[in-house]
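Chemist: Chain order of the listed sequences is A and B.
Each residue of the first sequence is one higher than the last, beginning at 1 in the working numbering.
Each residue of the second sequence is one higher than the last, beginning at 1 in the working numbering.
Don't read these hints as lab results, they were simulated from the structure.
Given the structure is predicted, the values throughout are model-derived calculations rather than measurements.
Cross-link-like lysine to aspartate or glutamate pairs, in silico, DMTMM-like; alpha carbons within 25 Å at most:
#1 A:102 / A:171
#2 A:147 / B:407
#3 A:453 / B:220
Which residues of chain B face chain A? A few of them, derived with a C-beta cut under 10 Å, are:
#4 89
#5 90
#6 91
#7 92
#8 100
#9 104
#10 173
#11 217
#12 218
#13 219
#14 334
#15 336
#16 341
#17 389
#18 390
#19 391
We put the CB at the ideal spot given by N, CA and C, even for glycine.
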Amino acid sequence: MFRKSVFTLSAALPLVLLRLAGAADPLPPAAEWLPPEPIVSIEVSDPNRLLDRLLDPHTTAAIQETAAYQHYRKTPQMMEFLNGIRLFEASLGVSWETALRKLVGGGAMVAVWPNGDAVAIIDGEDADLLGRLHEMALAIAQGEAEKAGQPGRVASADYRGVTGWTFNGEEAHAILGTRFVLANRAEALRAVIDLKAEGSANLASTAHYRAAAEAAGSSPVMGYVDLATLRHLTALHNALEGTSEPLASLLFSGILESIRTSNWLALTADLHESLLYVAAVTDGEPVEEAAAFALPKSPGEGAMPNLDVPGRIAALSLYRDLHGFYAAKDDLFPERTSGLIFFENMMGIFFSGRDFTEEVLAELKPQVRLVVAEQVYDPAVGTPRVQVPAFALVFGMHRPESFMPVAEGAVQTALGLVNFTRGQQGLAGLIIDRLEHGDTRFTVAYFSTVDAKDPDDLDTQFNFRPALARVGEFLVLSSTEGLARDLIDVLTAEAAEAVEPLPGVHSLMEADATALASIARANFDQLVLNNMVEQGTSREESEAGITGLITILEHLGRARLEMGSQDGQTRLMLDIEPNLP
Amino acid sequence: MPAQQKVETTGPVEAGPCWAWAPYEPDDERPWDLARAGHLLRRAGFGGRWDRLQEALADGPQATIDRLLQPAAEVEAFHRTYDAYEAALPRSNSVEGLTAWWLRRMIESPQPLLEKMTLFWHGYFATRNRAVQSTELMIGHVQRLRAHALGNYADLLADVVHDPAVLLALGAQENRRARPSEPFAEQLLAWCGLGPGQISRRDVHEAARALTGWFVLRHEMRFIEREHDTGVKRVLGHEGPFTGDDVLQIALAQQAAPRWVVGRLYRWLISETDEPSEELLAPLVEDFGRDYNIGDLVERMVRSNRFFSPAAYRQRVKSPVEFALGIIRPLERLVPTVPLVEHLALLGQELGDPPTSQGWAGGRYWINRATLLGRHRLAEELLAQGGAYGEGLDPAAAARRHGREDESSARAWLLALFLQDDVAPEVREHLMRAVHGANGTSSPALRHFARAVVAQPEFQLA
Chain A
1 MFRKSVFTLS AALPLVLLRL AGAADPLPPA AEWLPPEPIV SIEVSDPNRL
51 LDRLLDPHTT AAIQETAAYQ HYRKTPQMME FLNGIRLFEA SLGVSWETAL
101 RKLVGGGAMV AVWPNGDAVA IIDGEDADLL GRLHEMALAI AQGEAEKAGQ
151 PGRVASADYR GVTGWTFNGE EAHAILGTRF VLANRAEALR AVIDLKAEGS
201 ANLASTAHYR AAAEAAGSSP VMGYVDLATL RHLTALHNAL EGTSEPLASL
251 LFSGILESIR TSNWLALTAD LHESLLYVAA VTDGEPVEEA AAFALPKSPG
301 EGAMPNLDVP GRIAALSLYR DLHGFYAAKD DLFPERTSGL IFFENMMGIF
351 FSGRDFTEEV LAELKPQVRL VVAEQVYDPA VGTPRVQVPA FALVFGMHRP
401 ESFMPVAEGA VQTALGLVNF TRGQQGLAGL IIDRLEHGDT RFTVAYFSTV
451 DAKDPDDLDT QFNFRPALAR VGEFLVLSST EGLARDLIDV LTAEAAEAVE
501 PLPGVHSLME ADATALASIA RANFDQLVLN NMVEQGTSRE ESEAGITGLI
551 TILEHLGRAR LEMGSQDGQT RLMLDIEPNL P
Chain B
1 MPAQQKVETT GPVEAGPCWA WAPYEPDDER PWDLARAGHL LRRAGFGGRW
51 DRLQEALADG PQATIDRLLQ PAAEVEAFHR TYDAYEAALP RSNSVEGLTA
101 WWLRRMIESP QPLLEKMTLF WHGYFATRNR AVQSTELMIG HVQRLRAHAL
151 GNYADLLADV VHDPAVLLAL GAQENRRARP SEPFAEQLLA WCGLGPGQIS
201 RRDVHEAARA LTGWFVLRHE MRFIEREHDT GVKRVLGHEG PFTGDDVLQI
251 ALAQQAAPRW VVGRLYRWLI SETDEPSEEL LAPLVEDFGR DYNIGDLVER
301 MVRSNRFFSP AAYRQRVKSP VEFALGIIRP LERLVPTVPL VEHLALLGQE
351 LGDPPTSQGW AGGRYWINRA TLLGRHRLAE ELLAQGGAYG EGLDPAAAAR
401 RHGREDESSA RAWLLALFLQ DDVAPEVREH LMRAVHGANG TSSPALRHFA
451 RAVVAQPEFQ LA
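All chains, please: the whole structure from these sequences, using the hints.
Modeler: Written as C-alpha cells, this is what we have:
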C-alpha cells in the first residue's frame, strides 16, 4: 500500500484510515465512539432488513420499469455511473449487491455537532473486502491528485495506533477491522479515536439519547435530534417563538409548543411490504395555555378520520376548538388586533350582526375537516382551460337546526357581495339554486354558460360551483356541487357506521400524489407555458421538466401523517406508500 | 480590438433638412463601423447579438435596414405561436402574464423593430390595465398596436377608438347621447396633435357628441343606435351630422396631426435631447400627412443622415426595457421574464400600466439615484448564478461560443458587444486591466466583468 508519512497531525492535512491488526473482538456500538451532544444523529442498526426490501428482485424490477428510470438510464451521467459499477465489480470480483451487504451490513451511524463536525461510522462484515475497496479508492485518488498537480493532498498519518487517511486534504477516514470511520475533518476523526482509546463520556452515555433510543424501540432506523441545543440556533428559535399568522398558528399549534418544550426528538423508520413508516416522538407535551385549543380535552376525543371521496387528492382532519382559539386572539396575536377587528366586523355583516366568537364559532364542534379532490366536469357545462381541484370544509355543529339557517344566510350574503362586485366589473354573477341529493336539499350557486364561447375552453370561474349542505350535524361548504354530493354520500355513510374520533390525535393529513399527477396532466399546457416564462426555458425543456415532475408524482403514491399526544409524549407518524409498477 | 472614438466627425450636422433626411451613405468621414451598426440595432431593436452586428457590418447600413423593415420568413409563424401563448393565459384582472410573454417576445423576436414600435405605441396611447382590469382586453389591445405598429396611423387610430380596453381606460365605456364623454373626445383630438389653443371647448363637446352610441358591454364594443346623437355638429370649422369616424377624418386633416406624430417619433428614434426645428421636420410632416404611412416614416428616419449623426448618436436614455434587453439579447440566452416584469416596474416601467395618460416621460426622468442603483442591481441579478434568474446570463459561455477563449479576448469581445468599443480610452484601459474580482476567464470572473461594462454611463444611452 502506498503510504506517505505525515508527521504532524495538527497540520492542515487530516487523516484517515487505520487498520488494526487484531480486530477480532466485537466492536462496541457506534454511539459509544461518538462524542456526546451532537445536534443530530441517524443510526441504521439493521441495514439488511432494509436491503432485503430494497434489493428484492420485485422492487428492483419495478423501479427499472418506471418511466423515470428508463429516462435517466440513458443519460450520460447514469451511463458513467453504471460503467463505474461494472468496473468496481470486475476489480473486486463481487457483485455490487453482495459488496453492499458485506460493507454496510453491520450497521451505520452518522452524527453532526454544533461546531460543524460530522462523522459517519459504517460497520461491515468483511474486513478483507473493505481493505481491497480502500486500496482501489486510494489508487484512483492518487491518480486524480497527480493529474491535478496536487499529489500531497492524498496522505496518511498515525494517531494513537490508528492510521488515518485523507484523499483530498479535508476529509479524514480510518479503517478499524470491519469498521469504517469517515469524518469531515481530522479533528473530528481524532475525537473518535480518543473515545475509542479512553472510553470517556460519549453519545450513548447521555440521558437524552438513552431516552430517545428507548422511545424508538427496535426500529431498524433511528434518528436523534437534540432539540435543547437546536433551539438555540437563531432561525429555529425565531420559528418556535410563535407565529403572528393566525392561520399558521391554527394549523401548527400543538406541534410548535411541543418542540418548544422538548429536550429530544426520536425518529424511526421502517419498511413493510411497499410501505415506508416514519415516526417521530418528543419528550415534550403542548401543555401551554396558548395551544389548549389544539388538544383533545378528554382521552376519547381527537380528530375525526378523514373523509374519502372519489378522486381525492388530499385530506386534512384537525381537532381545533375554533371558539377557544378565536377567543384567545388578543393574547395570541396582540399586534394583529386592528386586522382581526376588521375581520370580525366583516363576519358580523355576513352573520347578520351576530357575535363571531360567541354566536358563530361557539356553534361549531372542534372537529374540522378539509377535502381536496379532482373534479369531474359536467359535459353539459364544459371544461375550463385551467382545471382547479375541488375543495370543501366540513364542520360539526352543536345545534344544527338553529345554526344552519344562520350559515345559509351568511353564504348567500357572501354570494350576493360577489355578484355585486362582478356586476360592477361587467361580469356575470352566480345563480343561486336549491337542489336535492338523496334526502338532502342543498344550496348551489353557479355561473351561466350563456356567454361562454367555447365549452372546451371555459374561464377559470367555471371551476367553482359553490355549495352549502347540511348532513346530520355536519355543515359542508364546498367549492363545487360534485364534491358536495360526494360528501353528502360519505357523511351519510359515516353516520350509519357511527365513526368515532381518533383518540389523542389532533392533526391528520393524507395525500395522494397520483391524483395530483392527474390534475397536473390535465393542466399540462398551462404548466408548460407558466414554466417557460418563470424559468426562461424553451417549450421543449419545459415539457420535459413538467413530464418529469408528473412522473415523479405518479410514483410518489400516498402519504399519511398523524400527529397527537400519548403517554406524555408528542407523536408523529408518517406512512408512505410509493406507487411502483 | 482597438478603442475608438466614433461618430465624432460626421459631416454637416447643421445642414438643412434635405441633407438631414437623405439616406446615409458611408464615407471616409462617416464610415460604417461597429459603433454605427450598434446604434442602428439599438434604436431599431433592443441591441445587437454578435452575429447580427457582424452581419450588419458586412452588409452595410441600407441592406441592414431593409432586413429590419422587411419581415423575415419566419416572423408570421413566430407571432402566431406567441399569440397562441398569450391567448392561453388564464383570464383575470392582472396583466403580469401578458407582460411576461411580451418581454419574452421582445427577446426572441426575429423582427425586433416591430416590437420596438409596439412598445412605442403602448407608451403613446398609454392604456392602463389598472383601469381596464382584464388580461383578455389588454392582450387584444397590444395585438392591435402590433398589427398597426408599422402600418397606417389613420387605421391605427380608427381601430384604437373601437378598442374596449382604450374606452375602459379612458372611463368612456358609456357614450350616451344625454351625456357625451368629453375626456374621450379630448384624448382622441390630442392623438391628432390638437390641444388647448388649437381647439375650443365646443370642438371637444361636439366631437364627443359624434362619438356617442358606443358602449363597452361585457368587455365588447357595442353600438347602440338610439344612444347616438344624430344631430348636426360643428367640429374644427366643419359642420354636419358627424360620427366618430368623421371626426377622426377632420382631425387627421389638420396640419397638427402629422406634426404631432412625427415629433413623437423623432424623440423615439432620433433624439430626445434637442427640440427639432419646424424646418427640419417639415419634409417628414408633409410626406406623412399625405398617407399617414408609419412604416415609410420610420424607414425614412432610420435611413437618414440625421439618424447616423451626432445629433442622434447616444442622444436617448435607455428605458428600463431597453436597458434589460440590451443585456439579455446580446448574450443569446432566454431568462425568466416573470421576475423581469417586477424588476422593470421597480425601475419605473410597468408594462401594461403606464403611469399617466401621457405614457412614460422618459429621457432623463428614467435616471435618478434610486433607479441608477436599481439598474446596477438588475444587471447584477441578470448576470448572477442562482438568483432570481436561475443560472443567469453567462458571458463566458457566450464568449466561448464566439471563439473568445482567453481572458483578454473575452473581455475585448464583451466591450465590443455591449459598447461597440466606443468608450473613452482610459475607461477601456481600466476595464481591460483590472475590474476587481473579475480576473480570469471563469464564468464568475466574466459575469463580474460584464456587470462592470453594463454599469458604464455609455451603456445607459441608446
